[in-house]
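Asks: Sequence:
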Amino acid sequence: MEFGEIVFYIFIALIFIHLSIKFLFTKTEQEKEYERKMKESLADEFIYDPETGAKLTLEEAESGNWITHDNPNRIKSEEELDKYYSGREKEAEELTNFIKSNGYEFTKLTDSQIGFLEKSKILSKYDYWEYSNSFTFSSEKHFIFFPGVSYYNEHHQPGYNESQIMFWINDPNLSGHVYLRDKTSFEAIADAIRNDDEIKLNNFETFIYKKSNNMIALIKTLQLFDDEKELEIEVIEGNLLFKSMKFVNRTDFLRMEKIAKLII
Numbered sequence: 263m264e265f266g267e268i269v270f271y272i273f274i275a276l277i278f279i280h281l282s283i284k285f286l287f288t289k290t291e292q293e294k295e296y297e298r299k300m301k302e303s304l305a306d307e308f309i310y311d312p313e314t315g316a317k318l319t320l321e322e323a324e325s326g327n328w329i330t331h332d333n334p335n336r337i338k339s340e341e342e343l344d345k346y347y348s349g350r351e352k353e354a355e356e357l358t359n360f361i362k363s364n365g366y367e368f369t370k371l372t373d374s375q376i377g378f379l380e381k382s383k384i385l386s387k388y389d390y391w392e393y394s395n396s397f398t399f400s401s402e403k404h405f406i407f408f409p410g411v412s413y414y415n416e417h418h419q420p421g422y423n424e425s426q427i428m429f430w431i432n433d434p435n436l437s438g439h440v441y442l443r444d445k446t447s448f449e450a451i452a453d454a455i456r457n458d459d460e461i462k463l464n465n466f467e468t469f470i471y472k473k474s475n476n477m478i479a480l481i482k483t484l485q486l487f488d489d490e491k492e493l494e495i496e497v498i499e500g501n502l503l504f505k506s507m508k509f510v511n512r513t514d515f516l517r518m519e520k521i522a523k524l525i526i
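One gets this note's numbering by counting positions in the sequence shown from 1 and adding 262 to each.
It is worth saying that the hints were derived from the structure and are not from the lab.
There may be inaccurate statements among the hints.
Claimed, not checked - DEER-style ranges, computed between Cβ atoms:
id, residue 1, residue 2, range
1, Pro434, Tyr414, 19 to 25 Å
2, Ala479, Asn457, 17 to 23 Å
3, Ile451, Glu392, 24 to 30 Å
4, Asn415, Thr369, 17 to 23 Å
5, Asn415, Glu492, 20 to 26 Å
6, Tyr471, Ser447, 23 to 29 Å
7, Glu499, Ile455, 32 to 38 Å
8, Phe448, Asn415, 35 to 41 Å
9, Glu492, Ile451, 17 to 23 Å
10, Thr369, Asp459, 32 to 38 Å
A virtual CB, placed ideally from N, CA and C, is assigned to each residue, including glycine.
Let's have the full structure, built from the sequences with the hints guiding it.
Replies: See below:
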């Protein structure tokens, strides 16, 4: 091998090593932003309570003696959101602010309400669920909350854990027990050939566990969802539940809220 060729190959190797090191050790903008927030947080002499917005000294936090001025309907400032949240968590907090600013009132579900939800088809299929950010609207007759749903077993998606949006509408005109989910591709083809479902909807497969004594009212309500996708819907004796299938986001909230307002 000629000396010139050796020099050439060494030069190429050095360029490759340089680019590899630059790629491995150059931080992305997201990583730089995360480090900036971490440094700010560590430099701050106070501890931030995201629920109340209170800033506590280390001594106060350790002693547990402070006045929180707790206001569950408090809207968090842009400064708080930028400093203490990022990514999907920040998006969820921004939506919570939006909900509060539009007249929804913070509430906590009672034990009996939670017991009712635990028996629903929508939530009982998960290995575990909890909820956060629950609100009432329309004279405290109806609810919206963020169920955090999880799968642990191997038959679904192991480690699946996500906060979603759920509306709970009280409507005495609805009776029976019906569950709806998105149609599979096979179900859509089969229904296109022969649709013998008692409740016929374009995008949803219907499962009737108890027939309604007012099918006209039930079908009229369910038809409001006919053009939607990626929702789960359930009617249980005067209660209408419908849940999103993606992480909390404003787009899902607005389309679900639009349907809720048509019903109430």
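Asks: Should the hint that isoleucine 451 and glutamate 392 are 24 to 30 Å apart at their CB atoms be regarded as holding?
Replies: 37 Å, violated
Asks: How does the Cβ-Cβ distance of proline 434 and tyrosine 414 compare with 19 to 25 Å: does it lie in that range?
Replies: 37 Å, violated
Asks: Does the hinted range 17 to 23 Å hold for alanine 479 and asparagine 457 at CB?
Replies: 21 Å, holds
Asks: Using the beta carbons of glutamate 499 and isoleucine 455, state whether their distance is inside 32 to 38 Å or not.
Replies: 34 Å, holds
Asks: Using the C-beta atoms of threonine 369 and aspartate 459, is the stated range 32 to 38 Å upheld?
Replies: 36 Å, holds
Asks: Between glutamate 492 and isoleucine 451, is the Cβ distance one that fits in 17 to 23 Å?
Replies: 19 Å, holds
Asks: Indicate whether the distance between the beta carbons of asparagine 415 and glutamate 492 respects the range 20 to 26 Å.
Replies: Given range 20 to 26 Å: holds, Cβ gap about 23 Å.
Asks: Does 23 to 29 Å hold as the CB distance between tyrosine 471 and serine 447, or does it fail?
Replies: 25 Å, holds
Asks: For the range 17 to 23 Å, tell me whether the beta carbons of asparagine 415 and threonine 369 fit it or not.
Replies: 32 Å, violated
Asks: Is 35 to 41 Å a correct range for the gap between the Cβ atoms of phenylalanine 448 and asparagine 415?
Replies: The hint (35 to 41 Å, Cβ to Cβ) is violated, given that phenylalanine 448 and asparagine 415 are roughly 24 Å apart.
The structure fails hints 1, 3, 4, 8 (numbered hints given earlier, in ascending order).
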